[in-house]
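Protein sequence lines correspond, in order, to chains A and B. Oh and the first sequence: position 328 is 328 in my numbering, straight run, nothing missing. Oh and the second sequence: position 342 is 1342 in my numbering, straight run, nothing missing.
Among the clues, some could well be false.
[To be verified] Simulated crosslink set (SDA-like; lysine to any residue; CA at most 20 Å straight-line):
#1 B:Lys-1215 with A:Leu-369
#2 B:Lys-1021 with B:Lys-1199
#3 A:Lys-176 with B:Asp-1040
[Stated by the list, open to error] Label pairs and their in silico Cβ distance ranges:
#4 A:Ser-192 with B:Pro-1207: 47 to 57 Å
#5 A:Gln-365 with B:Phe-1286: 21 to 31 Å
#6 B:Tyr-1107 with A:Ala-374: 28 to 38 Å
#7 A:Arg-370 with B:Asp-1040: 25 to 35 Å
#8 B:Lys-1065 with A:Glu-341: 56 to 66 Å
#9 A:Arg-370 with B:Arg-1272: 18 to 28 Å
#10 A:Gly-240 with B:Pro-1207: 50 to 60 Å
#11 B:Lys-1065 with A:Asp-179: 26 to 36 Å
#12 A:Thr-318 with B:Asp-1040: 54 to 64 Å
#13 B:Glu-1265 with A:Thr-157: 34 to 44 Å
#14 A:Arg-377 with B:Asp-1040: 36 to 46 Å
#15 A:Trp-29 with B:Pro-1212: 46 to 56 Å
If you are wondering where the hints come from, they were derived from the structure by calculation, not from laboratory data. The C-beta atom is built at its ideal place from N, Cα and C for all residues, glycine as well.
These are the residues of each chain, in order.
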Amino acid sequence: MDSLQQRSSTVQEPPGAVPTYRPTPPPAWQPRTDPTPLLPDTEPLRVLGTDAVADADPALLLRLYAELIRGRRYNTQATALTKQGRLAVYPSTHGQEACEIAAALALEERDWLFPSYRDTLAAVARGLDPVQALTLLRGDWHTGYDPHEYRIAPLCTPLATQLPHAVGLAHAARLKGDDVVALAMVGDGGTSEGDFHEALNFAAVWQAPVVFLVQNNGFAISVPLAKQTAAPSLAHKAVGYGMPGRLVDGNDAIAVHQVLTEAVARARRGGGPTLVEAVTYRIDAHTNADDATRYRAAGEVETWRAHDPILILERELTERGLLDEDGRRAAAEAAETMAAELRERMNADPVLDPMDLFSHVYAEQTTQLREQAAQLRAELEAEGEA
Amino acid sequence: MTTATTGPAAAKAGGGAGKAKPATMAQALQRAMRDAMAEDPTVHVMGEDVGTLGGVFRVTDGLAKEFGEDRCTDTPLAEAGILGAAVGMAMYGLRPVVEMQFDAFAYPAFEQLISHVARMRNRTRGAMPMPIVIRVPYGGGIGGVEHHSDSSEAYYTATPGLHVVTPATVEDAYGLLRAAIASDDPVVFLEPKRLYWSKSDWSPEAPAAVEPIGKAVVRRRGTGATLITYGPSVPVCLEAAEAAQAEGWDLEVVDLRSLVPFDDETVCASVRRTGRAVVVHESTGFGGPGAEIAARVTERCFHHLEAPVLRVAGFDIPYPPPMLERHHLPGVDRVLDAVARLQWEAGS
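Turn these sequences into a full structure, and let the hints guide you.
Pasting the structure below:
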């Protein structure tokens, strides 16, 4: 300690030392400017409960309502299937149905969706067979559908890694002259991943027709947003990449649909990417394997329940005379029919061919895989004979 | 994959008619990309510095000028982003050829490579093939500083779904890269960077063969022992085989060319003829490709072997600083020492 103090005293500048020159100033630096405002608003956009609802198309409002009811029922049915052992796991979107569905409905048929593992509801709203959407979670194959058929990329389990895929696909489509937009979905936790950063940067540099939708549901499994980022909002992250950030109430289906529709239209006309943060809440635990009471208070959940996406839309539609008891019943019955069919189909054991293990590793099987396939075939035959 | 030849596009690219001149491996690779791009508009080259600069090794020189920046693209400096974007491009029907610039620079892209590129075909039951070539200049011997000389092939060969290819000659550089670009599966194309400037009488103008992936080749015939090797160690083994002649050892040299798929047939046929084998590579020995190759050869050729299959590999150390790399890299003397340990008297 003494020696350190002595040393520091010896390097003090002698008194009276004055610089004898001034450095040449560097060439003038100009930040890039963009006429589009990049910073998001400080409050998430809300339409429900405001006069702006009057501008919304009643048919769209009713469709959103019916889809939300169906989505909620899908969540409860899939959760029940985990309890019956029919699904290995189900990451529920209970409470987030508005983000999932309103976003999916903002896309045209030719557009592409890049979902995370939690986004089964968006995929189903886009037309994917409800059973095929659950294959990954049931465990009979990783992807239960042909992505090209629905223009839905495989549900992605590693966080944010599907975002650069969305950029590449949108870029390729534009190179080919197709006006296709890619919508990439990610959670709040996923925004901490490097791939999130790289995807946004690539998209902005290439001006790729991509929309990034962050569903900020409050927690990355158990870690709250405050421990995930120090940014004022996740939408603020857009600014650093040179794209607009938009903040929207994720439980307000009309607001989400409006913001996403604008972002998709902007991308389609060559305006480049947008980052949208939808502020929402995951009412259920992360999955059925998670105990949410360890990291959040019941009171917090109840506050969000009062801001339930179905509740607030239903109230608005009822007040405006667009929805009555018959309409509510019709939506509930349609959802129940979907759930019953889903239940029935999921209760049938999938027929699996073990030889599929070797069918799709390479376009043409290697000698090594042919040998291993022969080994498995022999084992299966021996099993059959036993 | 069938063997084919191409000519006219190459003749145009060479700029001159008829006059053959020696070409380097870097030029052969460049012509492979140029010919592929000329024949197939879905082939896109991308990576850091591949455009205006032509790559730090000039392997992509001239491609941006000839095909435009949309076909040969300078990307932001982000390997995961480069490969991740390539995945999306492949989903939309393009055939990206991405450059990772240096072996150790590819590591940020590993998650994309392993979690998506390698298994996209599998997870979609064949609906989404990934016709992507990942070009990785690899290996040492050029005096590169830290993170510029790794031999990372074991990481790739341990990942199902990838082809792993590495040329050792100018001719193969062209032929194998053409095959890699034509492949509907992802190919990790390891370019031995210290052979970039090796020359051959192969002419950039003349018709050239496309080599099927997965076939090893016997580079030198011999009867006493087989040196099994690939990439930058092929010239080392050929030199060692010449030197061994003085000791009375007649060595055969097998150039694998492809680590995945592995050509058991060519390798085992050679070992059965010679009865002895040494695997030679720069990569670390423990858990390296030599471990797999020695095991395969032993399993298949045990009764033909006169001696254990030996390995000559890089030491099990992080790649050393350039002033020490000559002590690490398997050279001719170390190969000959191993050959001497094959208990020649016992077998003859």
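Handout entry: Outcome for the supplied range 25 to 35 Å, where the beta carbon pair is Arg-370 (chain A) and Asp-1040 (chain B)
Key = holds (29 Å)
Problem - Assessment of proposed distance window 34 to 44 Å (beta carbons of Glu-1265 (chain B), Thr-157 (chain A)) - result: 38 Å Cβ-Cβ, so the 34 to 44 Å window holds.
Practice task
Confirm or reject the claim that Arg-377 (chain A) and Asp-1040 (chain B) have a C-beta distance inside 36 to 46 Å.
Solution key: Holds, at about 37 Å.
Practice task
Confirm or reject the claim that Ser-192 (chain A) and Pro-1207 (chain B) have a C-beta distance inside 47 to 57 Å.
Solution key: holds (53 Å)
Exercise for the section: Confirm or reject the claim that Trp-29 (chain A) and Pro-1212 (chain B) have a C-beta distance inside 46 to 56 Å. Expected result: holds (54 Å)
Exercise for the section: Could you check the hint for me, namely that Gln-365 (chain A) and Phe-1286 (chain B) are 21 to 31 Å apart, CB to CB? Expected result: holds (30 Å)
Handout entry: Supplied distance hint 28 to 38 Å, evaluated on CB atoms of Tyr-1107 (chain B) and Ala-374 (chain A)
Key = The hint (28 to 38 Å, Cβ to Cβ) holds, given that Tyr-1107 (chain B) and Ala-374 (chain A) are roughly 36 Å apart.
Exercise for the section: May I ask you to test the hint 54 to 64 Å on the CB atoms belonging to Thr-318 (chain A) and Asp-1040 (chain B)? Expected result: holds (59 Å)
Practice task
Would you mind confirming whether the straight-line C-alpha gap from Lys-176 (chain A) to Asp-1040 (chain B) stays at or under 20 Å?
Solution key: holds (14 Å)
Practice task
Could you tell me whether the CB distance from Lys-1065 (chain B) to Asp-179 (chain A) stays inside 26 to 36 Å?
Solution key: holds (29 Å)
Exercise for the section: Decide if the proposed pair is consistent with the structure: Lys-1215 (chain B) and Leu-369 (chain A), CA atoms, cutoff 20 Å inclusive. Expected result: Roughly 16 Å separates the two Cα atoms, so the pair holds.
Handout entry: Distance restraint between Lys-1021 (chain B) and Lys-1199 (chain B), which requires alpha-carbon spacing of 20 Å or less
Key = holds (10 Å)
Comparing the model with each numbered hint stated earlier shows that all of them hold.
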